[in-house]
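One-letter residues, chain by chain:
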Amino acid sequence: MQPDDQDAPQLSRRTVLASATLVPVAALTAAAQAPSTALSTTERQILDAFVDRLVPADELGPGALACGAANYIDLALADALAGEKATLAEGLAAVDAFARTQHGMPFPQLTPDQKDAVLTEIDEGRATGFTNPRAFFARVRRLTLEGMFSDPYYGGNKNFAGWDLIRYPGPRLAVAPEEQKMSALPKPLHQSAYGSKFNHGH
Amino acid sequence: MAISLKPVDVAVIGLGAAGGIAVLPLAQAGLKIAGIEAGGWMDARTFRPDEIHNNVRGLVTSVPKTKSEVPTVRDSPSAVARRVGNHPMMNAIGGTSIHYWAQSWRLKPWDFRTRSETVKRYGAGAIPAGSTLEDWPLTYDELERYYDQVEYEIGVSGKAGNIQGRIDPAGNIFEGPRQREYPMPPLRATEFTDRMAQAAHELGWHPFRPPAAINTQPYQGRPGCAYHGFCGTGGCHIGAKNSTAITTIPAALKTKNLTIFDRAQVTRIAAGDDGRVTGVNYLREGKEYFQPARVVLLASYTYENSRLLLLSKSKAWPNGLSNNHGQVGKHYFAHWGTQGGGAVVALFPFDINVFYGLPAQGTAVDDFGDDSFDHTGLGFIGGTTLHVHTELHPIEAAAMNTFGRAPGWGARWKAFVRQNAARWTAAYLQTSTFPYETTFLDLDPQVRDPLADPVCRVTTSPRENERRSVEYAQNKMEQWFRAAGAIEVIKAPPTGPALSTHAYGGTRMGDNPETNVADRWGFSHEAPNLGILGASVMGTSGARNPTLTVQALAWRTAEHLVKSWKTIAG
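Line order of the protein sequences matches chains A and B. Each residue of the first sequence is one higher than the one before, starting from 0 at the first, in numbering that gives the first Met the number 0. Each residue of the second sequence is one higher than the one before, starting from 0 at the first, in numbering that gives the first Met the number 0.
Take these hints with a grain of salt, some might be off.
[To be verified] BS3-like cross-link-like pairs, simulated, lysine-lysine; straight-line CA separation at most 25 Å: (1) B:5 to B:312; (2) B:255 to B:66; (3) B:253 to B:31; (4) B:66 to A:84; (5) B:5 to A:180; (6) B:565 to B:31.
[What the hints assert, rightly or not] Label pairs and their in silico Cβ distance ranges: (7) B:271 to A:133: 19 to 29 Å; (8) B:403 to A:56: 24 to 34 Å; (9) B:512 to A:133: 48 to 58 Å; (10) B:317 to A:127: 55 to 65 Å.
[Stated by the list, open to error] Away from chain B, derived, C-beta distances all over 12 Å, residues of chain A: (11) 39; (12) 41; (13) 52; (14) 89; (15) 99; (16) 103; (17) 104; (18) 134; (19) 149; (20) 191.
Hints are computed from structural coordinates only; laboratory data are not their basis. Backbone N, C-alpha and C fix where the C-beta goes; we use that ideal spot for every residue, glycine too.
Isolated chain A, as found in the complex (with noise of 0.2 Å):
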């Protein structure tokens, strides 16, 4: 039996060709997800407190807590990431260990200031417990970037706040050229990619 020439391929390439064509923003929908999470109350709370000092909320504008970086790990690591949720849940509790040994204190109870020598300790290589310190940081650190930057359709970025820190001006689906001038960043385009009401992290 041969395959039919007439199935799939035809069919989807009318697809493309029908789709090229400017899509506006809240057409892009992917099919609503219940979130799901993947830590434990005691692991979120060691990651809520890990990001909150690598970008602190100051005069500038929410730090990465705020700005939902912490739930879009937890959110990240019940499903992109789920591969990786052993290792992160295993670093937290390292940190936390680590802490307890340094300052009697879960990680959580620091002071912000033995907060950040914690951080540093692990940053920088020093600190004990860890399979490798230095790249569960450096982990830690990007996946907070991932959840501070990204669209947040993925749970992070609340309320645009990470866009308006670096001032990037949001996705357009057409940029004029006036909007590539150097001398004046667009104004802020406070829009997700799959329209605000699939901001699902929430």
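Given chain A's structure and the hints, the job is docking chain B onto it.
Coordinates of chain B only, in the frame set by chain A:
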């Protein structure tokens, strides 16, 4: 037992940048073609302005076949090869031409005659030690009309610098002569790319806006570019990027001579006892098929082209198809430059706003490409194009180097990225790269794919010629950035590429069958009805992107097949 299909004239393996071009001249000539492609049709509505989707998680490029057969890499013939990172290419109708940067350069005349020109200008001692460099079996002038054909067929925007010997300083004055202007003007300039051009002029260099397979005005029913900033590793939501999926493949389908078998994974090319190829075995939805064909055109990718030939053993081909001289997998190389770790990153004391645009929108300099300058005393041959461009996504922007001016986290980092995320950029450098005795592809003795076939193993090695060449270019790039006002420039030490989107060789084209798999037309020296398409036939890289050359060669091979049908098809 494989299901045997109705015989066709030509089976094309892979409908990407190369196979997707070749099907058009074949179909127009009335040949019946089976286009066998491991991926499927992509829906433009899934092309999103979303950095996580396109760039961080690579969901446009994430398809099962390439991900399950990622080659292994080692940096010397005595080392154990390991998997590092993902396969940089993808399977789809249109292949990687869907999400590539679409920079569509022609090679320069020197790239086709590198060995003889080098010997003539600098003496035989200038040929890099250990290299297996040969002149191409064709010249730039012979390929020119195919470059022209593809530029007009798919639509390439740009500004000519040399039309039949007339030099126009608005274009690339170092390019080889072309018969006419590009079909569309170049991508627009920005205030920043103009500033870079001005700085290059002040240095006495010759900047221009480089060519791209991207519409800058309506062309063949598709719109001009919207400059929205999600072009790299993302498909075009409006069809302004001229992938073969929206240009030559639909045109070939219209003739009704092309039948596409999508999501079909080719496992072997079959051959008879006389050594001639007889067709293609593939898997589709768990079933095995055999597609008989009078001619087979192999057009997967550099790694898979060599791998499939080496896997296709038979009575007539005990060492792999078309490998009686042991040349399959030899003369492999991949572009040095930015892709080989040699980044050049700059910080400006003012906003440059490169968030939007696209990687093909920029200012390029070819003064240090190939042999455009005197290499006497420099210790290397070949050169580098320097390209400064737009498109910077927000995560990437915030993950910037802090240039020693701030720590990597905390309040000071936050203040640093607030000020500087819109003030930095990275240049794109592409350096002439050559094949060596110690750079080759073969089958990995340990690592297998889910079908239990060995994956491709890449053996590469450090090379002094290329390292010196990149470092020379990095210094020029720093000079250029600083002339435009940069206050910090970081040059990363070039290490050479691992897996690359600019991978060449393995089935090199040349007149000598003892050192080349393909003849001057792209057909096997040993199996006469097997043609090979892709950068795997190229013997030098030039200092610029390979795709347009791959496409010009694919058109030329297909046209040769049409003209010599009786001889080749037997």
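Against the structure, the hints:
1. Between residue 5 of chain B and residue 312 of chain B the alpha-carbon distance is near 24 Å, which keeps this suggested pair within the 25 Å criterion.
2. The suggested pairing of residue 255 of chain B with residue 66 of chain B is violated, with an alpha-carbon distance near 32 Å, which exceeds 25 Å.
3. Restraint check for residue 253 of chain B and residue 31 of chain B: satisfied, since their Cα atoms lie roughly 13 Å apart, inside the 25 Å limit.
4. The suggested pairing of residue 66 of chain B with residue 84 of chain A holds, with an alpha-carbon distance near 21 Å, which does not exceed 25 Å.
5. Annotation: proposed proximity of residue 5 of chain B to residue 180 of chain A is violated, straight-line Cα distance about 58 Å (limit 25 Å).
6. In summary, the hint linking residue 565 of chain B to residue 31 of chain B is supported, as the alpha carbons are separated by about 15 Å, within the 25 Å threshold.
7. For the pair residue 271 of chain B and residue 133 of chain A, the beta carbons lie near 58 Å from each other, so the given range of 19 to 29 Å is not met.
8. Range check, residue 403 of chain B to residue 56 of chain A: about 26 Å between beta-carbon atoms, so the 24 to 34 Å window is met.
9. Between residue 512 of chain B and residue 133 of chain A the beta carbons are some 53 Å apart, a value that agrees with the proposed interval 48 to 58 Å.
10. Residue 317 of chain B and residue 127 of chain A have their C-beta atoms about 57 Å apart, which keeps the hinted 55 to 65 Å range intact.
11. Distance to chain B confirms residue 39 of chain A as a non-interface residue, since its nearest Cβ pair spans about 25 Å, more than 12 Å.
12. No Cβ of chain B comes within 12 Å of the Cβ of residue 41 of chain A; the nearest lies about 23 Å off, and the non-interface call holds.
13. Listed as outside the interface, residue 52 of chain A is inconsistent with that label: its C-beta sits roughly 7 Å from the nearest C-beta of chain B, within the 12 Å cut-off.
14. For residue 89 of chain A, the requirement that its beta carbon stay farther than 12 Å from each beta carbon of chain B is met, with the minimum near 21 Å.
15. For residue 99 of chain A, the shortest C-beta to C-beta distance to chain B comes to about 22 Å, beyond the 12 Å cut-off, and the non-interface label holds.
16. Residue-level check passed: residue 103 of chain A sits 24 Å from the nearest beta carbon of chain B, beyond 12 Å.
17. The claim that residue 104 of chain A is not at the interface with chain B holds, since no C-beta of that chain comes within 12 Å of its own (minimum 21 Å).
18. Taking the minimum C-beta to C-beta distance to chain B, about 14 Å, the non-interface status of residue 134 of chain A holds against the 12 Å cut.
19. At the 12 Å boundary, the C-beta of residue 149 of chain A falls inside the reach of chain B, the nearest C-beta of that chain being 5 Å off.
20. The non-interface label for residue 191 of chain A is inconsistent with chain B: the shortest C-beta to C-beta separation is roughly 9 Å, within 12 Å.
Violated hints, in rising order: 2, 5, 7, 13, 19, 20; the structure is consistent with all others.
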